[in-house]
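So the sequence lines, in the order shown, correspond to chains A and B. Under numbering that gives the first Met the number 0, the first residue of the first sequence is numbered 0, with each subsequent residue one higher. Under numbering that gives the first Met the number 0, the first residue of the second sequence is numbered 0, with each subsequent residue one higher.
Hint data in this document are derived by calculation from the structure and do not stem from the laboratory. A portion of the hints provided could be inaccurate.
To be verified - With a cut-off of at most 27 Å between alpha-carbon atoms, the simulated DSSO-like pairs for lysine-lysine come out as follows: (1) B:Lys-434 - A:Lys-284; (2) B:Lys-444 - B:Lys-457; (3) A:Lys-13 - A:Lys-38; (4) A:Lys-16 - A:Lys-52; (5) A:Lys-16 - A:Lys-106; (6) B:Lys-457 - A:Lys-284.
Owing to the predicted nature of the structure, the values given are computational and were not obtained by experimental measurement.
The lines below spell out each chain.
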Amino acid sequence: MSDKSEFTRLGVFKTYKLYVGGKFPRSESGRVYEVTDSKSGAWLANAPLSSRKDARDAVVAARKAVPGWSGATAYNRGQVLYRVAEMLEGRRDQFTQEVVAAEGLSKSKAAAVVDSGVDRWVWYAGWTDKIAQVVGGANPVAGPFFNLSTPEPTGVVAVLAPQDSSFLGLVSVLAPVIATGNTAVLIAAERAPLPALCLGEVLATSDVPAGVVNILSGRTAELAAPLASHRDVNALDLTGAPGELAVDLERAAADNLKRVRRPHPGESWTADPGTSRLTAWLETKTVWHPIGV
Amino acid sequence: MAENSAFAYAPAPESRAILDLAPSYGLFIDGEFTEAADGTVFKSVSPSSEEVLAEVARAGEADVDRAVRAARKAFTSWSALPGAERGKYLFRIARILQERARELAVLESLDNGKPIRETRDVDLPLVAAHFFYYAGWADKLAYAVPGWSPKDGGGAGPRPLGVAGQVIPWNFPLLMLSWKIAPALAAGNTVVLKPAETTPLSALFFADVCRQAGLPRGVVNILTGYGDAGAALVAHPDVDKVAFTGSTEVGRAIARTVAGTGKKVTLELGGKAANIVFDDAPIDQAVEGIVNGIFFNQGHVCCAGSRLLVQESVQDELLEALKRRMARLRVGDPLDKNTDIGAINSAEQLARITALAEAGEAEGAQRWAPPCELPSAGYWFAPTLFTGVTQAHRIAREEIFGPVLSVLTFRTPAEAVEKANNTPYGLSAGIWTEKGSRILSMANKLRAGVVWANTFNKFDPTSPFGGYKESGYGREGGRHGLEGYLDV
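Put together the whole structure using the sequences plus the hints.
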């Protein structure tokens, strides 16, 4: 080889995988689909094209994680979520690049979006041990009874990540689900799944127990339908479902009366999110106990 | 306590090597450690050995003024920070406290005299948890205060008060610091804190934690010193909020000082808790709870279960079990991981406990303590039990703040309530019974800010703490703990 030769180093491609039960499988179907840069149209990666069976497997993993996660103390859940924020902070550059490609933003705008996403995650880490103090309480019933209403997680939540915000929107819909003690099956944004698939790598190194978050990529309509009718899914967040699909999914969810959060078209991801995305996944349990000798 | 058995525990000392103590420490004002204006210093002594740990600056009025001005100056930018950013500072502090927990536990045991098992397993985890909890409130203040509405505040949420002057006691130095500084900062206030003169060191180490966390200068100021510095801080015209934990006597003086001013005030004062044991209580569990209630932290606890109210029919059985348990308590080196009861915090406090115990005997109560060998150096008092106590006895009425338990009896729940409430204090109470409806009925009638059922001395940052009557006013901990630091 000539001493004077120069060459550009050949990069190592990243393989994007699903995140289910704390592991990184490919789709059981073996299918992938092309993900392209939203601006240039250039090929970025082949993302797994999840199947209905992948969705069912994810529900099994999520259900298995419910007792441990909902049974953890609120303080412990807060510590774990804060740990995720710590890991995200260390990967800001990576996620900025992903958002540039996924959403066609300038690098500085993408960096601001990523910063907002990390701060949003910290916001929800802070809610774990406070939401019960805001929405629960004692009730002054007429009679000698101690009566306490306390929020409790609903269980397994299927989340359709927003199609228009691949990182900040993703964080905004996923974090409140697990902050409240639920477990999640998340369908990544169809055309921009890569930030969500990267998030799985963050969660895997952040003390989040296996199965608490399960991440699928693929056709939203194909994956959402079995989740909406799945009898072991307790709730459904339709944020990422387009208009007519959302109505169909809500009808399917009615079969076992899943709690449904309808899409809010034009939802602002930078506005103060309030508590509605937390309370959507909470039940209220009221306990009576006699007061007497 | 000496044990002749072949199964006696060997000493298990926690190493002091983890702790790097300097010979002297200054005041922490405006982000810098500095000498007192007049150069005065005093010594911090380890109660278990009477060894001098370090020399500490003694703050005078000029130093108080300087610290308050630094806090005022910092308030403008600190309160203007978005809540999310303030919260991040507190999250950082929480993490650093977790990382340095062992070092701080050793320091706290040396300076306070309490057993390492308490500082390591109870105090330090709670300190970090308090900062973690309030970090999460910094950007959610609008949800914390039900009375707030947009037309009142006209903006992003309830507003902080300004500069908080905080005075903490010697019994839980770092924990009391966290109870006060964490909610104050989360709400957007800046603070000047004065630790007790017998336990100044952990607050100064906390100043270093703030430095490591990158906290802006002037947001936290620490003034070591005597009661005159605390009084000057409370009276300072530019202090908007006073938070005090300590004796009811001093609390009364503070209430008079702030009268007529615009200062908001929180007082966490003395207590004389009744630990009520019914005939259906699980005896072994109750005994453990009684021991925890009065001997935890050598009884240096304002909510200590210092009065035992036992139903007559089980008195003999309970006392026998209690004495058996007390005989196994190990008094000794606070750094020994086997130790149950450490040193009394100071010579002054030991004298007070001794005098009250002698008054108990003089008034006719029967005194009992397990035979045990106390170390020769340091301030020690054996765990002590009095029976034959009546409501009129001083040991039943006055806060002893030491490892001394007074036993009284009752026959009916109504009598238990009457005796328990027959005190000017109203901080805490314990109820031991298997009957849930009785727990709730008793809890409703007891005039106490905290009631523990089938447990005692449980604390958590989400749970409010504070008392009725002369145990003070305001609450610390929980969502309620923020109200004292917000203009609502």
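Status of each hint after checking the structure:
1. B:Lys-434 - A:Lys-284: holds, 22 Å
2. B:Lys-444 - B:Lys-457: At roughly 21 Å apart (the allowed maximum being 27 Å), B:Lys-457 and B:Lys-444 satisfy the hint.
3. A:Lys-13 - A:Lys-38: Since the Cα atoms of A:Lys-13 and A:Lys-38 sit roughly 20 Å apart, the hinted pair holds (cutoff 27 Å).
4. A:Lys-16 - A:Lys-52: Within the cut-off at roughly 16 Å; holds.
5. A:Lys-16 - A:Lys-106: Cα-Cα ~25 Å, so holds.
6. B:Lys-457 - A:Lys-284: holds, 24 Å
Going through the hint list in order, the structure satisfies each hint without exception.
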